[in-house]
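Peer 1: Each chain, letter by letter, is given below.
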Amino acid sequence: AQSVAQPEDQVNVAEGNPLTVKCTYSVSGNPYLFWYVQYPNRGLQFLLKYITGDNLVKGSYGFEAEFNKSQTSFHLKKPSALVSDSALYFCAVRDGRAAGNKLTFGGGTRVLVKP
Amino acid sequence: ETGVTQTPRHLVMGMTNKKSLKCEQHLGHNAMYWYKQSAKKPLELMFVYNFKEQTENNSVPSRFSPECPNSSHLFLHLHTLQPEDSALYLCASSPTDTLSSYEQYFGPGTRLTVT
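If you read the protein sequences in the order shown, they are chains A and B. If you read the first sequence in our numbering, its first letter stands for residue 1, the second for the next number, and so on. If you read the second sequence in our numbering, its first letter stands for residue 1, the second for the next number, and so on.
Hints listed in this document are in silico derivations from the structure and should not be mistaken for laboratory results. These numbers come from a predicted model, not from an experiment. Watch out, some of these pointers could steer you wrong.
Here chain A is said to cover these stretches of chain B; the calculated rule only asks that three of the stretch's residues, wherever they fall, bring their Cβ under 8 Å from a Cβ of chain A [claimed, not checked]:
1. 33 to 47
2. 68 to 77
3. 89 to 96
4. 104 to 111
If you anchor each label on the Cβ, the simulated ranges turn out as follows [stated by the list, open to error]:
5. 113(B) - 61(A): 23 to 33 Å
6. 38(B) - 72(A): 22 to 32 Å
7. 18(A) - 52(B): 42 to 52 Å
8. 62(B) - 28(A): 25 to 35 Å
Residues from chain A shown here face chain B by an in silico Cβ test under 8 Å; the list is partial [unchecked claim]:
9. 34
10. 42
11. 44
12. 46
13. 51
14. 108
Think of the CB as a built atom: it goes at the ideal place given N, C-alpha and C, for glycine as much as any other residue.
Using the sequences and the hints given, assemble the complete structure.
Peer 2: What follows is the structure in structure tokens.
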């Protein structure tokens, strides 16, 4: 079984401040982890992924995420948030040992960056 | 959002109508997905198709009928819907080879309103 949790429904941050969106996961095998962003009335856009290798993954629009196996976490970070980063963010996981190609998504975290 | 297109972008239908949603992907993927996104449940997987064959039906009511004539096209046929079916319907596609990470690419969605 695979599951993912995003403990915060909303994160508020001032423009220019660091942004962190939390994600924890549970899988039986090796985790494949993803972050997506959704702007209003749009589909989900891929930001970054962790499959293997370096624990710090860099992605689009200046975002990065850190894989922490001991804490089963994959938090999304951006050093300096922009107002345009205001959106809905989804974390997703796939068990690398599982058959099939199903991703399990978290409930989403709404980010509001204030000027 | 490039690579996966969905039509129509907006649809209003009565409970007795029959309509269809269309999804097309230009990425050469062999897996396609339908998701429902609503305020109550942010992202629900509905159906999965691999190489035109349905491999997952997530207990979706029969008033939703998917069709996958080839690996590039996916339809969702709608009939006798209920007001609670109003939501954003997202289509996605992904590769299926064992060396890939099964990253999914999403279309912009169809905003469905059932009156």
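Peer 1: None of the hints should be skipped; say for each whether it holds.
Peer 2: Verification of the supplied hints:
| no. | hint | result |
| --- | --- | --- |
| 1 | 33 to 47 | holds (count 3) |
| 2 | 68 to 77 | violated (count 0) |
| 3 | 89 to 96 | holds (count 4) |
| 4 | 104 to 111 | holds (count 7) |
| 5 | 113(B) - 61(A): 23 to 33 Å | holds (31 Å) |
| 6 | 38(B) - 72(A): 22 to 32 Å | holds (28 Å) |
| 7 | 18(A) - 52(B): 42 to 52 Å | holds (46 Å) |
| 8 | 62(B) - 28(A): 25 to 35 Å | holds (32 Å) |
| 9 | 34 | holds (6 Å) |
| 10 | 42 | holds (6 Å) |
| 11 | 44 | holds (4 Å) |
| 12 | 46 | holds (6 Å) |
| 13 | 51 | holds (5 Å) |
| 14 | 108 | holds (4 Å) |
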